[in-house]
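J.: Residue numbers (my numbering), protein chains in the order written: chain A, 1 to 372; chain B, 373 to 667; chain C, 668 to 936.
No wet-lab data here; the hints were simulated from the structure.
Just so it is clear, CB atoms sit at the ideal spot from N, CA and C, and this is done for glycine as well.
Incorrect hints may appear among the rest.
Stretches of chain C that chain B covers, calculated by requiring three or more beta carbons in the stretch to come under 8 Å of a beta carbon on chain B [to be verified]:
(1) 717–725
(2) 728–742
(3) 752–761
(4) 770–783
(5) 799–813
(6) 852–861
(7) 894–906
Label pairs and their computed distance ranges (CB to CB) [said to hold, decoys possible]:
(8) B:Lys440 / C:Pro714: 44 to 50 Å
(9) C:Trp717 / B:Ser629: 24 to 30 Å
(10) C:Ala901 / B:Leu459: 31 to 37 Å
(11) A:Asp141 / B:Leu410: 55 to 61 Å
(12) A:Leu181 / B:Lys476: 46 to 52 Å
(13) C:Leu779 / A:Gly52: 35 to 41 Å
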Amino acid sequence: MSSDHQSSENVSARPAVQIDGVTKSFGNTPALEPCWMKIKRGEFLTLLGPSGCGKTTLLNLIAGFLEADNGELFLGEDLVTQVPPHKREIGIVFQNYALFPHKTVAQNVEYGLRTRGVPKEESRARVKEALSLVKLENFADRKPRQMSGGQQQRVALARALVIRPRVLLLDEPFSALDRNLRVSMQIELKEIQTKLGLTTIFVTHDQNEALSMSDRIAVMSRGRVRHVGSPQEIYEHPKDLFVATFVGDTNLFRARIESSEGRTRLDIGGRKVEISSEQKEPRDLPSAVIVAARPEQCSLTSVESPDAIPATVAVVVYQGSYVELYLECEAAVHGRIMMRDVSKSFFHIGDKVGIRLATKGLNIFGSEQEIG
Amino acid sequence: MWWSVDLFVVKTMSKRPFLGLFASPATLVAISIVAALLAIFQYSLRAYVPGSLRPGGFTIENFAVLWKPMFRKAFLTTFLLCFWTALLTLLAGFPLAYAMVRSKSSLVRGGILITSLTPMFLGEVIRTYSWMIVLGKQGIINVCLLRLGVISEPISLMFTTTGVVIALVHFTLPIVIIMIAAALSHIDWNLEKAAASLGAGRVRIFFTVTLPLATPGLVAATSTAFSWTFSAFATPQMIGGGKVQTISTLVYQVGFSSFNMPLAASLSLAGLLFTIAVLTLFNVGMRKIEKLGDC
Amino acid sequence: MKKAFSDHLLDWSGRLLVLLILIFIALPFIVVFIVSFNDSSVVEFPPKHWSLRWYFNAFSYEDFVKGLRNSLMVAAVGSAISLIVGAMFAFVFNRYEFSIRRPLHAILMSPLIVPNFTIGLGALLLAKGIFVPRSFGLLVLVHVMVTLPFVVRGVSVSLQNFNQAYERAAESLGASPWYILITLTMPLLLPGLISGWLFAAVLSFNEFSASLFVANLRNQTLPIAMYNYVREYADPTLAALAVLYVVTSAAVLTVLHVFFRLEKVLNVE
């Protein structure tokens with residue numbers, strides 16, 4: 001949206017946001033371990049992780065509400081590590097929106113233009129444009145408390161967009177909305193973001209939001225970025241056990257790796273499971289491993305079948321289009337696994353069943369890793 | 373600028389706009405308060421030169437004088453006044469605060485609030501004067517009691533400890549009501565409902581749920597009532613009329629009738645230490661009792 | 668649900684108790700009201716003849732007129748300083764960690780424990796020690812000392828309920844610290860600032876025992892003038908003045924209650 005750089009054509013010299021070895025600790029507690037990241041122009045990047053993982057710290061560092069202990073931060077061409085928040089040209093949608101309660105919707109949206117000394121005429125036009133972008137043209141004179149949660153969020157978005165920010169930061173913006181509204185707001189936000197080609201950093205602890213909205217996801221835990229990748233990469237090829245268990249449902253099995261005659265087999269609770277050669281080289285891994293299988297990589301079979309892992313039905317949950325089965329299984333790390341049965345066969349608690357794992361796409365990790 | 377000197381900074385936080393600018397005027401006021409207290413301390417250790425406003429050399433004589441019966445009696449009177457006032461104020465303030473917080477009618481709430489707050493806006497002198505009229509020989513209490521035949525001779529509550537306590541309760545009531553109401557209003561109603569659902573009667577709920585939860589507020593209110601009473605000057609002076617001597621009235625008398633500033637200073641200093649000691653003992657004691665309740 | 672007889676008894680005895688306490692609070696003012704219209708120059712109850720002459724006397728008595736002017740001046744200047752100093756301190760005390768934060772707070776709040784007469788005496792001795800006369804400035808300083816804790820407390824309550832996300836939002840929108848202070852923080856803290864100022868003004872206007880030590884004949888305040896009057900005369904002039912006081916205060920409080928909801932201002936909701 002900004003026209004400042006159009007004359008110099010080498011816009012791609014730097015990414016929209018570049019984080020170079022930034023760290024932050026509070027007292028003696030490290031909140032963010034050295035972090036490197038590049039966010040491309042127009043990209044939608046999500047910081048995903050449980051509470052206390054450092055995602056909010058990183059967001060506050062980018063916004064300038066916190067000062068980095070080490071490292072450097074670039075927004076476009078500019079080094080902004082020492083720049084105070086009000087000079088960073090960043091738009092933020094806060095968790096509870098933080099709409100100024102004593103100002104009307106229009107005054108809220110106008111606020112960022114007044115601080116910039118934008119002339120009255122232009123300012124009025126831009127406020128109107130921003131409000132129509134979020135479909136709130138007719139609400140300009142309302143006070144925030146007279147509006148619903150979804151409308152308040154649109155105001156917050158308009159207020160952040162009207163200043164034509166270099167980056168849009170979203171701090172768990174959907175957490176206060178109920179489920180249906182949340183989904184429609186997600187779609188709307190994604191539409192606006194794509195239309196404007198706006199570089200966006202989104203903070204959430206909700207993996208579904210992350211998977212459905214992002215171009216890339218950065219999974220964080222304990223102040224460290226564990227894995228940065230597209231939703232598909234994160235889901236299908238998680239870098240470590242934490243990522244595998246935090247994103248999506250996962251069943252974990254204790255196993256030993258056996259190699260003979262150039263073939264690799266897993267020994268899970270005495271049953272041998274063949275795995276295809278596209279898996280990681282077995283010699284990279286210790287012999288004791290943990291196998292991560294998504295529910296859709298598990299299927300039910302007869303307990304007598306030679307490659308079936310034995311299990312017992314513990315809980316049956318009817319979910320409409322499928323049935324969720326919780327099975328007790330000795331070979332599983334937590335003693336329990338979950339799978340979905342679309343055939344909705346009638347199982348009873350206590351039924352003995354066999355589980356067969358898919359031969360492709362299983363993820364295998366060293367058994368000493370942290371589980372999310 | 374001079375105020376941005378590192379004087380205030382120990383931990384490094386990223387941004388603290390206005391810190392030096394905003395803290396400086398308050399620091400000046402704090403310095404004045406400390407200086408005033410130090411002036412009292414300094415005077416309390418100086419000799420009294422009769423007929424002169426300038427103090428003499430350093431001595432601890434003044435504190436020995438305080439051991440005289442007149443001053444010892446004043447300490448005792450002050451303590452008893454504070455004790456009875458705090459106790460009665462608490463007993464009178466609690467029902468009112470409770471009614472104010474719990475009443476369903478906003479008219480009742482507003483009525484209680486305004487009635488109990490108005491006296492606070494009147495100051496000590498007006499309130500004490502009003503009580504002088506009520507308590508005097510020709511006052512309403514005497515007139516009523518005489519008419520009803522309860523008494524045959526007018527009794528005077530003026531110049532008595534009882535009279536002073538009545539006026540002091542009236543003086544401390546508003547602040548105590550506000551403090552108790554604040555404590556009560558922060559108690560979760562659902563806790564009382566939960567107790568009721570478990571079969572507790574209203575009296576039982578009050579003593580086992582409401583009262584224990586309000587205790588910290590009640591302790592704070594009692595402390596405040598105590599120090600307000602201790603601080604009161606016009607009430608004991610005007611209603612006590614010299615017959616009921618408290619530390620405050622003596623400080624004024626010693627300072628302005630005999631111009632013995634060193635003695636007045638040592639008396640105020642002793643009085644201040646006395647209140648601090650009593651309040652500390654009270655708070656520590658209450659905390660002990662609360663802990664016992666936890667076991 | 669039908670209430671048991673014992674519950675009814677509890678309700679009604681509670682109401683009776685509350686009513687009795689309210690009467691206790693109002694009693695002296697009712698009596699003063701009646702006495703103020705008494706024609707006799709000795710206070711007596713009930714009055715035999717009625718008159719308004721004590722009201723005229725209250726308005727024409729020179730010490731009262733002068734006292735009122737002095738009190739209004741001291742209260743206006745003192746409460747304004749107290750509000751500014753107290754609100755600024757409450758701001759940094761609630762927001763920041765700094766080395767003298769706690770000691771500073773303890774000293775500023777100490778007048779809640781240190782009696783007013785002690786502060787008055789201390790200020791007098793201090794002024795004597797550094798050869799400062801008993802002046803208007805000294806009087807104002809004492810009033811600032813004794814009213815400051817109430818401002819700090821009132822503004823702190825508002826600050827604790829203040830959501831700092833507003834300020835962050837404004838910062839992200841390009842507002843400088845001063846701009847945020849003026850456009851957001853101050854307007855949003857207005858109820859707290861007003862109630863803090865009001866408390867300071869009322870306390871200052873009525874302050875008696877500390878002022879007694881530091882005021883001189885020229886700048887004696889209204890409470891001191893009233894105190895001196897009671898010591899010299901026994902007529903109901905002061906009753907008339909008390910009635911005016913009560914009526915004004917109750918009216919101000921009622922207006923405040925209607926506009927600001929006092930429960931909210933006093934944090935007793």
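J.: Give a verdict on every hint.
T.: Hint check:
Given a C-beta distance limit of less than 8 Å, the hint that chain B covers the segment 717–725 of chain C is violated, as 0 residues qualify and 3 are needed. Given a C-beta distance limit of less than 8 Å, the hint that chain B covers the segment 728–742 of chain C is violated, as 0 residues qualify and 3 are needed. Look at the segment 752–761 of chain C against chain B: 6 of its residues bring a Cβ nearer than 8 Å to a Cβ of that chain, three or more, so the hint holds. For a cut-off of 8 Å, the count of residues in the segment 770–783 of chain C with a CB near a CB of chain B stands at 10, and the three-residue condition holds.
For a cut-off of 8 Å, the count of residues in the segment 799–813 of chain C with a CB near a CB of chain B stands at 3, and the three-residue condition holds. Check on the segment 852–861 of chain C: 0 of its residues sit with their Cβ under 8 Å from a Cβ of chain B, so the three-residue criterion for coverage is violated. For a cut-off of 8 Å, the count of residues in the segment 894–906 of chain C with a CB near a CB of chain B stands at 4, and the three-residue condition holds. In this structure the supplied range 44 to 50 Å holds for Lys440 (chain B) paired with Pro714 (chain C), their Cβ-Cβ distance being about 46 Å.
For Trp717 (chain C) and Ser629 (chain B), the hinted distance range of 24 to 30 Å is not satisfied, since their beta carbons lie about 40 Å from each other. A hinted range of 31 to 37 Å for the beta carbons of Ala901 (chain C) and Leu459 (chain B) is consistent with their spacing of about 33 Å. For Asp141 (chain A) and Leu410 (chain B), the hinted distance range of 55 to 61 Å is satisfied, since their beta carbons lie about 59 Å from each other. Checking the proposed 46 to 52 Å range against Leu181 (chain A) and Lys476 (chain B) shows it is violated: the Cβ atoms sit about 35 Å from each other.
Between Leu779 (chain C) and Gly52 (chain A) the CB atoms are about 39 Å apart, so this pair conforms to the stated range of 35 to 41 Å.
Violated hints for the displayed structure, listed by number in ascending order: 1, 2, 6, 9 and 12.
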